[in-house]
Amino acid sequence: MSSLSYGEIAYNGLWRNNPALVQILGLCPLLAVSSNVANALGLGLATMMVLTGSNLAVSLIRRQVSEAVRIPVFVMIIATLTTCTELLMKAYTYELYQILGIFISLIVTNCVILGRAEAFASKNTALSSAFDGLMMGMGFALVLVVIGGIREALGNGTLFADMDLLFGPLASGWTLHLYGEGEGLLLAILPPGAFIVVGFLIALKNAIDSSLEQRKARTEVGEKERVSRRVRTTGAIN
Amino acid sequence: MSNPNSGLGRSIGFNSLLLGVFALVTSLLLASTYLNTRDRIAEAERLSAQSGLLELYPATSHDNDLLDDVLPIPDSYLKTLGLRQPTDIHVVRKAGEVVGFIMPAVAPDGYSGDIDMIIGINADGTLAGVRVTRHKETPGLGDKIELRKHPWIRSFDGLGLGNPPREQWTVTKHGGIFDQFTGATITPRAVVHKVRDALLFYSEYGDQLLTATSGGRTADDNLARDEGEQP
Chain A
32 MSSLSYGEIA YNGLWRNNPA LVQILGLCPL LAVSSNVANA LGLGLATMMV
82 LTGSNLAVSL IRRQVSEAVR IPVFVMIIAT LTTCTELLMK AYTYELYQIL
132 GIFISLIVTN CVILGRAEAF ASKNTALSSA FDGLMMGMGF ALVLVVIGGI
182 REALGNGTLF ADMDLLFGPL ASGWTLHLYG EGEGLLLAIL PPGAFIVVGF
232 LIALKNAIDS SLEQRKARTE VGEKERVSRR VRTTGAIN
Chain B
2 MSNPNSGLGR SIGFNSLLLG VFALVTSLLL ASTYLNTRDR IAEAERLSAQ
52 SGLLELYPAT SHDNDLLDDV LPIPDSYLKT LGLRQPTDIH VVRKAGEVVG
102 FIMPAVAPDG YSGDIDMIIG INADGTLAGV RVTRHKETPG LGDKIELRKH
152 PWIRSFDGLG LGNPPREQWT VTKHGGIFDQ FTGATITPRA VVHKVRDALL
202 FYSEYGDQLL TATSGGRTAD DNLARDEGEQ P
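Keeping their order, the protein sequence lines are chains A and B.
Using the working numbering, read the first sequence as starting at 32 and increasing by one per residue.
Using the working numbering, read the second sequence as starting at 2 and increasing by one per residue.
In short, the hints are calculated from the structure, not lab data.
On a predicted model such as this, the values are computed, not experimentally measured, just so you know.
Cβ coordinates follow ideal geometry from the N, Cα and C atoms, glycine included.
Honestly, I wouldn't trust all of these hints.
What the hints assert, rightly or not - So the derived list for chain B, only partly shown, Cβ under 10 Å to chain A, looks like this:
#, residue
1, S12
2, S17
3, S28
4, I42
5, H194
Said to hold, decoys possible - Straight line, CA to CA, 27 Å or less: simulated DSS-like cross-link-like pairs of lysine-lysine:
#, chain 1, residue 1, chain 2, residue 2
6, B, K137, B, K95
7, B, K137, B, K80
8, A, K121, B, K80
9, A, K236, A, K247
10, A, K121, B, K174
11, B, K137, B, K150
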């Protein structure tokens with residue numbers, strides 16, 4: 032496990048073992064706040080911060096903490112980092128904090144975070160643990176933003192609305208209006224829309240994975256055939 | 002016999018100490034983050050509370066601090082405004098004269114729960130404006146009561162209790178003058194009725210409010226003001 036290269040860690044977090052699409056962890060905040068890109072990105076970044084920090088901290092203390100009190104210590108670390116993130120968001124992005132509200136503190140219950148602390152950070156070096164946290168967090172955030180984008184585009188007819196809540200007044204002009212306001216598919220913004228979009232994303236990922244596998248299998252078979260044909264040809268000439 | 006016990010004891014002691022150390026370290030981290038962000042959070046909360054008030058009465062229309070210049074709402078009227086706990090009315094003044102008041106109100110009969118709003122009423126009883134501050138109405142239907150979604154909420158500006166007459170203070174479906182939204186009647190009706198209640202409150206209690214706002218001045222000032230109002 033400790034021999035994983037950074038490339039593998041990144042591939043794991045972003046695609047093969049993606050927390051949202053494969054492990055299906057942390058769906059509660061994922062579904063609740065993904066109604067537009069700004070909210071999704073806000074929660075995604077916050078989760079990424081907590082996950083990277085907790086993985087780093089857990090990895091640093093992994094030799095000092097005994098088996099018996101391991102879990103309480105992890106939880107303490109995660110809770111502290113979540114609360115710090117919450118305070119920072121309150122101080123610097125207050126409006127966004129008001130929208131995301133309880134889901135920021137709920138990061139603490141996101142199974143991805145304790146899961147990575149237990150499964151990866153407690154067994155690996157600080158640097159690769161922090162990188163794993165960053166990649167897992169990024170994988171989570173990317174899915175969140177994609178869902179947010181799809182739901183916002185379908186439901187509201189906009190993209191990147193309210194980004195100024197995250198990036199300051201500079202970003203207030205970033206909103207893209209795709210079509211007439213208020214003519215969107217209402218279902219997309221409502222909770223069922225979140226489930227449907229997540230379902231389609233998981234299906235899409237599986238479809239891509241299996242088509243990649245098929246292509247790989249086909250090229251392998253093709254190579255074998257080519258080899259055997261060549262053998263036969265030579266045999267025929269002789 | 003004493004050996005396993007002391008081993009267990011040592012392990013319990015060690016683990017407790019470990020937990021204690023971690024609790025201490027994390028608390029220190031939390032405390033320092035809290036201390037470092039405290040002022041900024043207070044400032045952000047203040048700005049956020051103020052920005053709503055400033056929408057009703059922009060900076061040019063007054064010269065007092067809207068957040069600090071407040072009067073309590075009497076308990077007997079809390080229910081009229083739909084409030085569940087004692088809340089304050091913000092006083093708007095310019096050059097010593099009372100321009101108007103901003104009061105919070107809650108419409109409890111929205112489509113999905115409470116609709117919190119702030120209502121600005123000029124000293125003469127006309128509406129300076131209404132803004133919805135918090136609601137859970139259906140996105141795309143009822144949420145048009147938000148100014149950023151739809152200009153509907155501006156249709157209150159300048160109206161008062163006699164204009165339109167009281168029975169028309171409802172949505173057009175019920176013979177009023179306020180538009181409902183396609184697919185959403187309950188939400189705008191709740192807002193309209195609560196704004197009407199706020200105006201009723203002001204018509205009953207407004208005089209006392211105007212008197213109370215001069216409370217901070219000297220007796221002479223009060224006298225002068227009273228005399229000035231006589232004609």
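Tell me, which hint numbers fail for this structure?
5, 6, 8 and 10
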